[in-house]
Amino acid sequence: MSQVNIKPLADRVLVEPAAAEEKTASGIIIPETAKEKPQRGTIVAVGPGKKDEPLTVKVGDEVLYGKFAGNEKITVEGTEYLIMRETDIIAIL
Amino acid sequence: MSQVNIKPLADRVLVEPAAAEEKTASGIIIPETAKEKPQRGTIVAVGPGKKDEPLTVKVGDEVLYGKFAGNEKITVEGTEYLIMRETDIIAIL
Amino acid sequence: MSQVNIKPLADRVLVEPAAAEEKTASGIIIPETAKEKPQRGTIVAVGPGKKDEPLTVKVGDEVLYGKFAGNEKITVEGTEYLIMRETDIIAIL
Amino acid sequence: MSQVNIKPLADRVLVEPAAAEEKTASGIIIPETAKEKPQRGTIVAVGPGKKDEPLTVKVGDEVLYGKFAGNEKITVEGTEYLIMRETDIIAIL
Amino acid sequence: MSQVNIKPLADRVLVEPAAAEEKTASGIIIPETAKEKPQRGTIVAVGPGKKDEPLTVKVGDEVLYGKFAGNEKITVEGTEYLIMRETDIIAIL
Amino acid sequence: MSQVNIKPLADRVLVEPAAAEEKTASGIIIPETAKEKPQRGTIVAVGPGKKDEPLTVKVGDEVLYGKFAGNEKITVEGTEYLIMRETDIIAIL
Amino acid sequence: MSQVNIKPLADRVLVEPAAAEEKTASGIIIPETAKEKPQRGTIVAVGPGKKDEPLTVKVGDEVLYGKFAGNEKITVEGTEYLIMRETDIIAIL
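Residue numbers (our numbering), protein chains in the order written: chain A, 25 to 117; chain B, 25 to 117; chain C, 25 to 117; chain D, 25 to 117; chain E, 25 to 117; chain F, 25 to 117; chain G, 25 to 117.
Errors might be hidden in some of the hints.
The calculated lysine-lysine pairs, modelled on DSSO-like cross-linking and capped at a C-alpha distance of 30 Å, are [unchecked claim]:
| id | chain 1 | residue 1 | chain 2 | residue 2 |
| --- | --- | --- | --- | --- |
| 1 | F | K82 | E | K82 |
| 2 | E | K31 | E | K97 |
| 3 | F | K75 | G | K91 |
| 4 | A | K82 | G | K97 |
| 5 | F | K74 | E | K91 |
| 6 | A | K91 | B | K31 |
| 7 | G | K74 | A | K74 |
Rather than coming from a laboratory, the hints here were simulated on the basis of the structure.
Start from the sequences, fold in the hints, and give me the full structure.
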């Protein structure tokens, strides 16, 4: 997992997408190749949450997330990340 | 029912779709083959629920659910599952 | 009225549609044959209601309901039922 | 005013449309013949209201209402009625 | 100002449109002839307001209002009125 | 700044648009000529605010506002004004 | 960072866009050139926040923001700024 010094706002998290299909703590997981296919990645930074609602995920969690248009892509020191809202995180693996 | 080590977030549940029409605790149930036909399956993992709203369904429940576009498909160790929100669960059988 | 062992979730109810136009406790009721025509039926199962809002209808009530696309059809032991939300129930007859 | 034994749910009311333009307690009232023209009628049954919000209209009130698509028509013992939500009632005459 | 015996429901008011451009308490006011041009009139009846929100305007107030499609027209004893929600009232003149 | 005797309702304010680009307390400000370009003006009347939410702007404030279709134009004693909601005010200059 | 004497209303902030790609406290950050690409800039003024919700960002923060159509452009003393809502700020760098 990369180290980044970015603080997402509110309920946003910074996710490093998984490079390829690989064995996770839950076993082999192959997301379907559908239009709204869930994707795998690792949480590298989390926001403070919204008012009275701290986030559930934490840095280091392997997660499945929906690949929505709203996700923002950025490249930090050559590594590509996604910034999304926690509600786009489907499950912790 | 399969064993999976996935933790759905918020009010999401992991459902293993029923393989075929079979007798359930409620008797023979044949969902209509309509555009929004309800489907049968078994709950295999549940999220913690939303703030102040724990989930009603539990692991092992046979359920009917609506087949909406929003449901996410994943394959874990060769078995196909759906991840959906509890609000997409129509009834416990 | 049929006996079914299905537990609708939240504010959903299971309704057995009336077989034909027949005299109810309120007299002869003929829903108009309009696009959104109300339909008659009998409640055969009710959900626990939503948080702090128990349901008003109970098993055995004859009801009028709107025939919306959102209603789910299922067949249990050869009898066809509808599952709908209580808000789709217009009146008790 | 007809007698009907129907219990509207929530904030719904049962209205018997006025047969023709006639003098009401407020004088001669002629709704405009516009696309969304208000209509006159008499309340013949009222629901219990929504949670913490009892209804304002009561059985016997002459009312003006908007003629929206959402209004449900039913015929009870040969008389045609409308079932609508109280929010569709514009004024008491 | 006309006298009418109509009780608007909730946050609705009955407005008698101004016959022509005339001097008001605020001076000569000429609404622009735009698509959504504000109109002048006099409040002739007010509803009880919504739950915990009494109305601000009172009978006799000269007001500016938006000419929206949602306004209902009625004719009482030969005089034409508009029924609208207080939120459609822009200002007291 | 003109004097007008108009009382906007709720969270509405009356704004006198700036005649031309001129130096303000914040210096020379040139709004971009874009589709949704912000405009400058002076507050000449303010509403009482919404329930539990008094307004922030006061009479005499120079402001930037978005030029939305929803703004109402009126002419009082020969001077043209806009009536808008405070949420359409972007900043105090 | 420029000095400006503008007070954004509510949850709005004034942002000076970054002139070019440059090293930030978090390292080299290259936003993707996508349709909804995040942009970098510096906060130069902040609003008081919404009722019971003070803002999280402060003057001087380097931020990533989404380039939405809703952002307002203004030029103050020759420098171009954007006014946006804090919810459009994605992360602090």
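- Item | Structure versus earlier hints, numbers of those that do not hold, lowest first | 3 and 4
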